[in-house]
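Visitor: Chain residues, written in single-letter form:
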Amino acid sequence: MEKTVEQSTPRYGRRFALLGLLFAAAFLLSFALGRYSVPPGTTLRILWMKALEGLHFGAFQPLPRQTWTDTEAAVVLNIRLPRILCAILVGAALSAAGASYQGMFRNPMVSPDLMGASTGAGFGAALAILLGAGYWGITLTAFCFGLAAVALAYLVSRFSRLNATLALVLAGVMISSLFSACTSFVKLVADTQDQLPAITYWLMGSLSSVKAEDMAFAAIPILLGLTTLVLLRWRVNLLTVSEAEARSLGLRSGRLRLAVILAATLVTSASVSVSGMIGWVGLVIPHFCRMLFGYDYRRLIPASILMGGTFLLLVDDLARVVTSSEIPLGILTSFVGAPVFLWLILQGGADRER
Amino acid sequence: MSVEVRNVSFSYGGADVLRDVSFRAGPGDLMAVLGPNGAGKSTLFGCLLGYLRPHAGQVCLGGRDVQTLSGAAIAREIAYIPQSAPVTYNYTVLDTVLMGVTHQIGIFSAPKQEHTDKAMAALESLGIAHLAGRGVMKISGGERQLTLLARALVQDAGVLLMDEPTSSLDYGNSFRVMRRIQRLGEQGYTVIFSTHEPNQAFRYANRVLALSDGGVLADGRPNDVLTGALLSKLYGVGVAVRGVQVKQAEYRMSIPWDEEEQP
Chain A
144 MEKTVEQSTP RYGRRFALLG LLFAAAFLLS FALGRYSVPP GTTLRILWMK
194 ALEGLHFGAF QPLPRQTWTD TEAAVVLNIR LPRILCAILV GAALSAAGAS
244 YQGMFRNPMV SPDLMGASTG AGFGAALAIL LGAGYWGITL TAFCFGLAAV
294 ALAYLVSRFS RLNATLALVL AGVMISSLFS ACTSFVKLVA DTQDQLPAIT
344 YWLMGSLSSV KAEDMAFAAI PILLGLTTLV LLRWRVNLLT VSEAEARSLG
394 LRSGRLRLAV ILAATLVTSA SVSVSGMIGW VGLVIPHFCR MLFGYDYRRL
444 IPASILMGGT FLLLVDDLAR VVTSSEIPLG ILTSFVGAPV FLWLILQGGA
494 DRER
Chain B
226 MSVEVRNVSF SYGGADVLRD VSFRAGPGDL MAVLGPNGAG KSTLFGCLLG
276 YLRPHAGQVC LGGRDVQTLS GAAIAREIAY IPQSAPVTYN YTVLDTVLMG
326 VTHQIGIFSA PKQEHTDKAM AALESLGIAH LAGRGVMKIS GGERQLTLLA
376 RALVQDAGVL LMDEPTSSLD YGNSFRVMRR IQRLGEQGYT VIFSTHEPNQ
426 AFRYANRVLA LSDGGVLADG RPNDVLTGAL LSKLYGVGVA VRGVQVKQAE
476 YRMSIPWDEE EQP
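Top to bottom, those sequences are chains A and B. Using the numbering used here, the letters of the first sequence correspond one by one to residues 144 to 497. Using the numbering used here, the letters of the second sequence correspond one by one to residues 226 to 488.
By construction, these hints were calculated from the structure, which means they are not laboratory data.
The following label-pair restraints were derived from C-beta to C-beta distances: (1) 484(A) <-> 338(B): 36 to 46 Å; (2) 305(A) <-> 239(B): 20 to 30 Å; (3) 364(B) <-> 172(A): 38 to 48 Å; (4) 299(A) <-> 484(B): 50 to 60 Å; (5) 276(B) <-> 302(A): 16 to 26 Å.
Note that CB positions come from ideal geometry on N, CA and C, so glycine has one too.
Isolated chain A, as found in the complex (with noise of 0.2 Å):
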């Protein structure tokens, strides 16, 4: 009996190695784009020195010699380096919240923007921009508007005598449609000489802006809601069954809901309030991951993070090369998983294989 089982296993193992040299892959080859060519041994050794550097080694040991030009030092780790990291954190954070909100919500055509967090953000951006913020300014109201819009559709599904999931639902669209009628009026009344763009050109979703701040910024909320959703994993398999089947199994499904919520609203507030509106991601890259790593939680996650940051890190690279004045990430993103989910519709989605 064993034995059929562990042959009706996929390896999922050699398929996270896979992800993994991917991933890897994907990240040496982004810093070897763009117009400015460093070659691959020397980026590797800047890195190497820096992450010395970080780690306080290079009081106790010498540091590498200096190979490189400060030219090249300044590309790698001041315009570079950001902009492929926060690629990979936006990425990830998107699908991992994708992932969790599609196991919320029983329904896997869930993106992570559902309860409001991308609107809310996009309006506060909006706001910020018509208000004349500085770039800081833009950022922290689109996180703050971000995180308002999810707390306000969850505490009207908490006062609603729905069922808390279609509560939630309901809530998070009206909330959503809400702010985007908001931003739809910011845009109105900007001025159309430059306002208007700037507002525009914020919803489609760049990475073109990013500094080593925004980066630390995004990451702090990011890296603590990812963690959250990584430790409870496998929990979030036990809201996929319905409420009452939940409480029979002795878990309080409302305070696991209410973290699950938490971390995935922080980790896209975070997200959008650096790079703007990014479809897809959260809805795509999960389903890859199920195809590939199955249904099972434990597995899903981190599977998703993976992906998701070497997906979004490709679509971005691609942003850069491809024409001189970049697209928009959320426009390529569009393009690319559109069609890429025409596609699984016609494959008949994840559950091919069982």
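Once you have looked at the hints, place chain B on chain A.
Guide: Only chain B this time, still in chain A's reference frame:
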């Protein structure tokens, strides 16, 4: 291991749903809960599982009031097998069964090898170990019901509560599932299942609780209490009960009829 319901009453917005319900069930009891739609079966189950608080009376699991127990403590006493419902995600049978260990592990942990072994043993005992790696969407309704039964066994609770365990199963699968349930009763589980089919009470149960309008109309051995008159009163249609001889054993059967029927 035992369930004790003492004078439980429950009402929704002024309307009584349960009125002064009392019964006790223990190991070896295989109790069918019969009653027309709206008789209060679901409400009774909600009270047994502790998520509805009776307005009067109490429900005790293993001698302790269910309202004072934590979710995990309730899960240790009583396992619930819901009516078959469509599933959204194609989890494997083994993954589904493993969900039964929820109350035995910490919030940040996942099932370990010992839990997997236990889940495999439960599947083996129900004769579906070969399905462990299959997706729950790709197996039959009967097999899915057995999967949920295995999950309940992994839960290590002495009481199994089932809501219409055969509601969407075909004739053969109904029989196979009910036979498994019957064997669990023989093994010493306390089994309580709701059904709309009096013949299931005759065939599989050793005890029947007939609910009508929120009150207990009868409680006893099916052959003793399920008379044509009682079933008529319960469902509001004519019912004849007859004995049928099969392989030297006599089984009772109920057949509904109405006055307008011509012979």
